[in-house]
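Trainee: Offset between the sequence shown (1-based) and my numbering: plus 58.
Just to be clear, a hint being listed does not mean it is correct.
Taking CB as the label site, the calculated pair distances span [unchecked claim]:
hint : residue 1 : residue 2 : range
1    : 309       : 238       : 33 to 43 angstroms
2    : 106       : 292       : 14 to 24 angstroms
3    : 106       : 203       : 19 to 29 angstroms
Pairs of lysine-lysine, DSSO-like flavour, derived with a Cα cap of 27 angstroms [said to hold, decoys possible]:
hint : residue 1 : residue 2
4    : 154       : 212
5    : 139       : 212
6    : 139       : 290
7    : 172       : 212
Hints are computed from structural coordinates only; laboratory data are not their basis.
The structure displayed is predicted, hence computed values, not measured ones.
By construction, the Cβ of each residue, glycine as well, lies at the ideal position given by its N, Cα and C atoms.
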Amino acid sequence: MITIRQALLGTLKRFSCLLFLMSAGAAVSAAPTAINTPLSRAPLDDTSHFGIGATTSITERPFVGVDSQDEGLPYFSIRYKRFSVEGLDAGLDLFKNDNSVFGLLLTPRFYEVKSSFADDGELNGIDTTRRTVFAGVSYQYQHALFQVAANALKDVAGESDGTEANLTVSRGFNWGDFTIAPSLGLVWQDGRLVEHFYGVADDETAPGRPAYGEHSSLNYQAALTGIWTPGKHWHLLAVVKEDYLGEGITDSPIIDERSLTSVAVGAVFYFW
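Let's have the full structure, built from the sequences with the hints guiding it.
Mentor: What follows is the structure, encoded as structure tokens:
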């Protein structure tokens, strides 16, 4: 007999493969910004819906010699019973009441870098890292005035084996067909994640680029997300986000930016 644990693990593996294929399907010449704030549908909304769309973004990168990068991504907005996808985040509700939900989450991460990203060879000798998929547990609480989202995630695609924890507080303001939501967040990343994506291995050292190993990092985020619904089927999305990297990342010799700005816009068409 298949146990609940086995069923959940099987579901996680299937979701992970799906998200990895979706995120890897985009060109890998840059690292995009994913619009993943579920403003288009309330997280406690059980109404089934299906929408697809696309986003494009301009993202500043922290690496030496690397400026802003732009790339497009698909966007999905799906809800069927306990299963949901918003942007590229796939979730499975395990427990839900009137104002909170606890469940499983799969989400892609676009931390990758390769030496060709740098304009003048500053990253020559640095091994290529790839985008990956994280999985774990998530919790959302909806208050009358604000929303809290928290998750604890691990790299399940075998890229870094790192872990990450996030806490975000946001509030939505509605004016007719417009919704605006400012948010503040904390992102903690463990030493394995930081070393893999931002560190320098012994065989990657060069003059002025010493080895840099495992250092965890506490990062900060501030974002403004907006949505406009000009009609029954269309939702237009936009996000402006500022990331402030912690010392665990910025002390690396291949990092020269602490504050990173990202802008992303997109459109979603809802079939129902």
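Trainee: If a hint holds in the structure, say so; if it doesn't, say that too.
Mentor: Hint by hint, here is what the structure shows:
Residue 309 and residue 238 have their C-beta atoms about 36 angstroms apart, which keeps the hinted 33 to 43 angstroms range intact. For residue 106 paired with residue 292, a C-beta distance near 19 angstroms keeps the hint of 14 to 24 angstroms intact. The given range of 19 to 29 angstroms is respected by residue 106 and residue 203, whose C-beta atoms sit roughly 28 angstroms from each other. Between the alpha carbons of residue 154 and residue 212 the distance comes to roughly 23 angstroms, so the proposed pair stays at or under 27 angstroms and holds.
Proximity of residue 139 to residue 212 is assessed by CA-CA distance (about 25 angstroms); at most 27 angstroms being required, the pair is judged to hold. Taken as a hint, the residue 139 and residue 290 pair is honoured in the structure, with Cα atoms around 22 angstroms apart against an allowance of 27 angstroms. For a cut-off of 27 angstroms, the pair hint linking residue 172 to residue 212 stands: about 22 angstroms separates their Cα positions.
Comparing the model with each earlier hint shows no violations; every hint is respected.
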